[in-house]
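Protein chains: 2
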Amino acid sequence: MPVTDAVKSELRRIVSDRGFRDEPEDLITHAYDGTPLLEHRPEAIVIPQSTEQVAAIVRLANDADFKIVPRGAGSGLSGGSVPVDNSVVVLLSPRREILEIDEANLTALVEPGVVTGTLADAVAARDLFYPPDPGSISICTLGGNVAEDSGGLRGLKYGVTHNYVMGLEVVTPTGEVLTTGGKAFKNVAGYRLHDVLVGSEGTLGIFTKILLRLLPRPQASQGVVAHFACLEEAATAVAGIIAAKITPAMMEFLDQTTIRCVEDFAKIGLPRDIGALLLMESDGHPAVVAEEAAQMEAICRRAGALHVAQAADPAEGERMKTARRSAFAALARLKPTTILEDATVPRSALPEMVARVEEVARRHGILLGTFGHAGDGNLHPTLCTDERDHEEIHRVETAFAEIFDIAIELGGTITGEHGVGLSKKPFLEKLVGPPGIRMMQDLKQVMDPRAVLNPGKIIEPRPRREGRLPNTQAEAEAMARSMMERP
Amino acid sequence: MPVTDAVKSELRRIVSDRGFRDEPEDLITHAYDGTPLLEHRPEAIVIPQSTEQVAAIVRLANDADFKIVPRGAGSGLSGGSVPVDNSVVVLLSPRREILEIDEANLTALVEPGVVTGTLADAVAARDLFYPPDPGSISICTLGGNVAEDSGGLRGLKYGVTHNYVMGLEVVTPTGEVLTTGGKAFKNVAGYRLHDVLVGSEGTLGIFTKILLRLLPRPQASQGVVAHFACLEEAATAVAGIIAAKITPAMMEFLDQTTIRCVEDFAKIGLPRDIGALLLMESDGHPAVVAEEAAQMEAICRRAGALHVAQAADPAEGERMKTARRSAFAALARLKPTTILEDATVPRSALPEMVARVEEVARRHGILLGTFGHAGDGNLHPTLCTDERDHEEIHRVETAFAEIFDIAIELGGTITGEHGVGLSKKPFLEKLVGPPGIRMMQDLKQVMDPRAVLNPGKIIEPRPRREGRLPNTQAEAEAMARSMMERP
Chain A
0 MPVTDAVKSE
10 LRRIVSDRGF
20 RDEPEDLITH
30 AYDGTPLLEH
40 RPEAIVIPQS
50 TEQVAAIVRL
60 ANDADFKIVP
70 RGAGSGLSGG
80 SVPVDNSVVV
90 LLSPRREILE
100 IDEANLTALV
110 EPGVVTGTLA
120 DAVAARDLFY
130 PPDPGSISIC
140 TLGGNVAEDS
150 GGLRGLKYGV
160 THNYVMGLEV
170 VTPTGEVLTT
180 GGKAFKNVAG
190 YRLHDVLVGS
200 EGTLGIFTKI
210 LLRLLPRPQA
220 SQGVVAHFAC
230 LEEAATAVAG
240 IIAAKITPAM
250 MEFLDQTTIR
260 CVEDFAKIGL
270 PRDIGALLLM
280 ESDGHPAVVA
290 EEAAQMEAIC
300 RRAGALHVAQ
310 AADPAEGERM
320 KTARRSAFAA
330 LARLKPTTIL
340 EDATVPRSAL
350 PEMVARVEEV
360 ARRHGILLGT
370 FGHAGDGNLH
380 PTLCTDERDH
390 EEIHRVETAF
400 AEIFDIAIEL
410 GGTITGEHGV
420 GLSKKPFLEK
430 LVGPPGIRMM
440 QDLKQVMDPR
450 AVLNPGKIIE
460 PRPRREGRLP
470 NTQAEAEAMA
480 RSMMERP
Chain B
0 MPVTDAVKSE
10 LRRIVSDRGF
20 RDEPEDLITH
30 AYDGTPLLEH
40 RPEAIVIPQS
50 TEQVAAIVRL
60 ANDADFKIVP
70 RGAGSGLSGG
80 SVPVDNSVVV
90 LLSPRREILE
100 IDEANLTALV
110 EPGVVTGTLA
120 DAVAARDLFY
130 PPDPGSISIC
140 TLGGNVAEDS
150 GGLRGLKYGV
160 THNYVMGLEV
170 VTPTGEVLTT
180 GGKAFKNVAG
190 YRLHDVLVGS
200 EGTLGIFTKI
210 LLRLLPRPQA
220 SQGVVAHFAC
230 LEEAATAVAG
240 IIAAKITPAM
250 MEFLDQTTIR
260 CVEDFAKIGL
270 PRDIGALLLM
280 ESDGHPAVVA
290 EEAAQMEAIC
300 RRAGALHVAQ
310 AADPAEGERM
320 KTARRSAFAA
330 LARLKPTTIL
340 EDATVPRSAL
350 PEMVARVEEV
360 ARRHGILLGT
370 FGHAGDGNLH
380 PTLCTDERDH
390 EEIHRVETAF
400 AEIFDIAIEL
410 GGTITGEHGV
420 GLSKKPFLEK
430 LVGPPGIRMM
440 QDLKQVMDPR
450 AVLNPGKIIE
460 PRPRREGRLP
470 NTQAEAEAMA
480 RSMMERP
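Protein sequence lines correspond, in order, to chains A and B. Following numbering that gives the first Met the number 0, the numbering of the first sequence begins with 0 at its first residue and continues without gaps. Following numbering that gives the first Met the number 0, the numbering of the second sequence begins with 0 at its first residue and continues without gaps.
Incorrect hints may have been included.
Identical copies go unnamed one by one, so any copy, or any two together, can satisfy a pair.
Subject to a maximum C-alpha distance of 27 Å in a straight line, what follows is the list of computed BS3-like cross-link-like pairs (lysine-lysine) [unchecked claim]: (1) 429 - 208; (2) 320 - 266; (3) 320 - 244; (4) 320 - 334.
Worth flagging that the hints you see were computed from the coordinates, not collected in a lab. The structure displayed is predicted, hence computed values, not measured ones.
Using the sequences and the accompanying hints, generate a full structural model.
Now the structure itself:
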């Protein structure tokens with residue numbers, strides 16, 4: 000049902016006038032997120048100032064039958080924050096307080112709107128470490144990270160967001176407040192609900208507090224950069240480093256297209272004619288770091304690197320990392336529409352994946368740059384195109400469908416980091432199979448019977464069985480009465 | 000409904016005669032697990048020889064309305080494998096093949112009956128490492144570990160079983176075969192179903208293949224042992240080690256009661272009159288290990304240790320670890336019934352927890368030894384009693400209820416490692432609250448509508464709403480007809 004004036008009045012009552020927005024400029028600016036080609040206006044935006052207000056908004060949505068789309072920074076890359084029909088955006092970014100940093104238990108308790116980089120800096124000041132570092136770290140929010148189970152450059156050694164969520168205060172799709180997990184480092188009491196919730200892309204709950212695990216800060220780090228004539232040699236070096244039982248803190252690669260774009264953008268002296276660049280980092284105890292950096296250098300040389308060098312100082316290491324982090328923005332300068340994907344394969348399949356992705360791009364005549372997390376097989380094939388060129392968009396979509404098929408064929412997945420959202424719904428069934436889809440639909444339906452939270456993200460709502468099944472005794476009796484009235 | 004002869008014939012048809020057991024001695028020996036005080040005979044035991052047979056057994060249970068209790072080694076400590084009314088035990092321990100060790104991708108694919116220690120040894124032979132080491136490592140199965148999300152001595156540094164499960168082939172409670180996760184190191188495609196399944200204690204699925212993450216084997220390790228006059232000083236040392244940003248591979252403590260029992264049992268020269276013993280280990284790069292071991296030694300001395308020594312060689316380190324692992328068995332010699340619990344608190348609350356547990360034991364006049372994983376706050380208060388002494392058992396149960404309350408009050412949990420099973424059901428709602436219980440019941444009901452798999456473990460089946468709600472269109476129409484027939 001439409002979000003009526005009566006509903007808007009009730010929303011204003013819950014969040015007060017200053018927490019309510021429905022002017023055209025508000026609706027337009029909250030109609031999209033970081034995903035190209037997707038846009039849909041909400042009916043209103045509400046800014047809750049407490050957990051209780053979030054719960055009240057969700058209960059109202061259940062009663063009045065409108066939808067809710069949670070939003071942090073709106074920087075997601077799979078459409079998770081793009082509004083759906085008949086929806087109200089619940090904006091969490093203003094709730095951005097770091098509530099507690101507990102050095103004795105190595106935890107941080109935060110509100111969902113805290114920017115990831117802000118937390119990382121705050122704990123670093125206390126000699127602690129929050130490792131997950133998505134490319135958008137300076138703007139994305141921790142609530143969004145938990146919803147999408149965000150990754151980053153450090154995934155191979157340090158894991159991703161779900162490895163750091165110890166507990167959640169969450170408003171469920173029916174408007175109850177649930178606290179799950181906690182500071183106890185080990186906890187097997189009941190189903191691991193907060194693990195279900197992490198990566199649920201706004202469909203199973205709205206996070207109002209997040210308890211995160213911290214690590215001690217690594218004492219030292221050392222960057223190493225290597226140039227290769229071709230991707231195959233870079234991939235050989237990657238395999239060699241893993242085989243040597245080294246787990247680098249970072250192992251990123253960029254292909255020639257990406258290198259050229261980054262150099263045009265950042266002008267840091269990258270050579271424009273090499274086939275691939277590997278950016279590595281070791282962190283930890285100084286003795287270990289020195290040894291690993293030397294080993295990685297040697298392995299790259301053995302794999303045929305044209306040039307290998309250790310970063311002269313931390314500042315140079317940071318410059319290289321910033322160049323890598325700017326890859327997306329640099330590629331975005333080429334054409335109006337940049338589609339960043341993240342098909343991921345087991346690391347051993349990386350060389351084959353890269354070669355086949357290049358072949359697909361060539362065959363469809365599209366411009367593609369590939370960069371990514373070599374250490375964990377998480378590639379970002381990035382297509383540069385123009386959404387107004389419908390013919391090219393068609394070729395781009397065909398190419399991506401092939402790329403997902405290849406990833407699945409090689410034992411990988413359709414998304415390593417960005418989530419399914421709207422963008423990858425069509426490909427999920429091929430990956431998880433019909434039983435997997437049905438289990439996810441069952442889970443969603445039982446937790447959100449009225450399909451209030453972000454419906455249509457990840458999966459379609461469960462298809463109704465023949466006829467309509469009642470959810471309550473009252474409905475069952477109404478149905479019985481209607482049957483009695485049938486001709 | 001009872002398991003009829005017709006059902007037994009059908010089971011024999013599925014698993015063949017050699018896979019079917021229902022002699023009295025089979026039923027008796029499969030009526031209990033490692034949990035004291037619980038016993039219930041199944042109707043039969045079946046030994047499936049393939050995933051398809053497991054699926055057929057589960058489908059039969061859905062059709063014929065009997066229950067299934069999965070079993071590995073039957074070494075669990077919360078009643079997870081204890082049969083329920085009208086149940087058939089599905090024995091997975093004979094399915095014990097290591098299917099693959101992939102050194103390039105650092106994964107191992109195993110059948111559920113592989114003994115944990117067997118896998119650990121197999122990968123160690125290839126210079127790889129599977130860290131989770133429950134106390135029962137030489138007998139427990141990986142399928143059981145996944146069902147219970149087992150921990151061990153290495154939890155603080157290396158995590159627990161759920162940190163190592165990358166994928167599962169699982170037979171769902173309705174008898175479908177689902178594959179979830181995979182070798183791609185990062186995967187955010189859809190709800191994290193395999194995370195829901197890990198720790199589900201046999202209630203949401205039967206694991207037929209498990210894909211586990213491996214690590215490179217640590218190059219070196221060094222044990223350190225410290226004696227203290229009292230637990231408070233030991234706890235101070237623990238806090239000091241964490242504050243020094245050291246993450247030891249192991250940090251175990253034993254109280255005086257436990258030390259005395261272990262010494263009587265193992266005779267390794269432990270002093271009988273100290274208040275507490277700390278067993279530590281650092282592992283990793285040799286330079287780091289030497290440094291951390293020296294630091295831990297210094298911190299223990301500063302905390303007032305009576306004696307501190309580094310293990311002279313790996314063999315001595317192993318002897319100390321074996322002594323710690325034998326704590327349960329050693330305590331079990333004192334009285335006929337040994338109740339091992341695992342109330343867990345945030346590490347900073349450890350000293351208070353230990354002191355209050357001692358006070359509870361004193362006040363109730365029961366014999367208690369406490370040992371555990373000091374680094375992650377996971378205590379094992381172990382009560383030695385005699386189940387035939389009903390008066391004492393009553394005092395023991397009262398004491399444990401108080402201990403769980405204290406753990407929850409201190410921000411902890413009722414179970415760090417052993418699971419809820421049957422033993423801790425009464426305490427779960429206090430920990431997770433009614434919304435948490437309802438969410439778990441909802442999840443269970445949607446995945447297992449006929450309550451086939453291990454019903455009554457973790458949570459009670461969802462209470463029926465007023466009247467009975469139909470599950471199918473046919474049931475709805477039957478209900479409508481019966482309503483029409485009402486007076």
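Exercise. Given a CA cutoff of 27 Å, do residue 320 and residue 334 count as a within-copy pair, a between-copy pair, both, or neither?
Worked result: within (24 Å within a copy, 62 Å between copies)
Problem set entry | Within, between, both or neither, where residue 429 and residue 208 count as close if Cα-Cα is 27 Å or less | Answer is between; shortest inter-copy Cα gap is 20 Å, intra-copy 35 Å.
Problem set entry | Copy assignment of residue 320 with residue 266, given that the CA separation must stay at most 27 Å | For residue 320 and residue 266, only the intra-copy Cα distance (14 Å) is at most 27 Å; the inter-copy one is 56 Å.
Exercise. Checking residue 320 and residue 244: alpha-carbon separation at most 27 Å within a copy, between copies, both or neither?
Worked result: both (23 Å within a copy, 26 Å between copies)
Against the hints set out earlier in the document, no violation occurs for any number.
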